[in-house]
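In order, the protein sequence lines correspond to chains A and B. Note that my numbering has the first sequence beginning at 257, numbered continuously upward. Note that my numbering has the second sequence beginning at 225, numbered continuously upward.
Everything labelled a hint here was simulated from the structure, so no lab data went into it. Watch out, some of these pointers could steer you wrong.
Label pairs and their calculated CB-CB ranges [stated by the list, open to error]:
id, chain 1, residue 1, chain 2, residue 2, range
1, A, Val313, B, Pro253, 46 to 52 Å
2, A, Ala328, B, Glu235, 35 to 41 Å
3, B, Asp379, A, His291, 39 to 45 Å
4, A, Val305, B, Thr360, 39 to 45 Å
5, A, Arg297, B, Arg265, 50 to 56 Å
6, A, Ala331, B, Leu267, 34 to 40 Å
7, A, Ala306, B, Leu267, 16 to 22 Å
8, A, Thr294, B, Thr360, 20 to 26 Å
Only some residues are given here: those of chain A computed to face chain B with a beta carbon under 7 Å [claimed, not checked]:
id, residue
9, Ile269
10, Val292
11, Gln295
12, Arg341
For clarity, every value in this text was computed on a predicted model and none was experimentally measured. Glycine is no exception: its CB is placed at the ideal position from the N, C-alpha and C atoms.
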Amino acid sequence: MKSFWSRRRAYEIETELRRNRPEPRDEFVTSLSEHVRTQRRTPRAGVRVALAGAMTVALLAALAPVGALGSAGSAAKGIANAASRVVATHARTTAAHTPAASQYGKKKKCPKGTKLHGKKCVKVKKKAKGARVSRRGPRFTG
Amino acid sequence: MFSRDPLANTEQLIRRVYAYAAYRLGDGPDAEDATSEAFERALRYRESYDRDKGEPAAWLIGIARRCVDQILSERVPLVEPPDRAAPTDLEEDTATRLELAHAMSALSEQDRELVALRYGADLTARQIAELLETRTNTIEVALHRALERLRRQLDREQPNSPPTTAADGVRV
Chain A
257 MKSFWSRRRA
267 YEIETELRRN
277 RPEPRDEFVT
287 SLSEHVRTQR
297 RTPRAGVRVA
307 LAGAMTVALL
317 AALAPVGALG
327 SAGSAAKGIA
337 NAASRVVATH
347 ARTTAAHTPA
357 ASQYGKKKKC
367 PKGTKLHGKK
377 CVKVKKKAKG
387 ARVSRRGPRF
397 TG
Chain B
225 MFSRDPLANT
235 EQLIRRVYAY
245 AAYRLGDGPD
255 AEDATSEAFE
265 RALRYRESYD
275 RDKGEPAAWL
285 IGIARRCVDQ
295 ILSERVPLVE
305 PPDRAAPTDL
315 EEDTATRLEL
325 AHAMSALSEQ
335 DRELVALRYG
345 ADLTARQIAE
355 LLETRTNTIE
365 VALHRALERL
375 RRQLDREQPN
385 SPPTTAADGV
395 RV
């Protein structure tokens, strides 16, 4: 019996090799490709750790401004307090009602024709002429 | 899709790897085992794939080569070539396929690998040269001679004639 190849002398071996390429069973292709797909989807341990790390960093980055603002606020407050303690001059405390104060302290000036009577200025009463004469003493009569 | 993931186009890659393995090991469970093992290893080491060094198929065939070599090394040395079918009894395509498989099994291991890489895995001569770390021209010559031997093997008229040896083959 003559071989198939002998009957087709002009056949192209390369074409036949490509055309008759061994094909896998469909079930085999389906199951293996499904397995590969599943494995490809599952992230590896390293990837998982990297993902967790990345999320932590992102969270810290997101919350850092909030913490920094609070910290900066309290720090500024502290600095302001310290500076005010150094720079600010305290008001001199004086005793209000002391003998020295009543003696040397500012005295209230009263307008003309009035005089201080306690804390108020009161009008001075004009004295009668006679009264003045009499103050000089009795007339010299010789 | 030629993305960063070398296993993105899975089904097409499975067919190419299987065809390569089947040309070297014969159609059937051994070729399926080699294909599965190649994909397992590819999944495990897919981070090491560097797209600058070549197509995913070439990378995957490189892995499959080692899987096929391992199966061949574990095989019992004497393997009966597949039976040659009578063309009158079978469909023409099936008969052609069987005759091709029979002729392939008669080739030397190196010739079979070259034919498997070129027509099974569908790699270019340049890709094969990169994979086997040799020159493209050497691959083209070796491939031409391997095809010539395959043609002679197919042209043999006696169905039970002993397979030709590849004493005059170009070593790659």
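Legend entry - Violated constraints from the hint list, given by number and in increasing order: The structure breaks hints 2, 5, 6, 8, 12; every other hint is satisfied.
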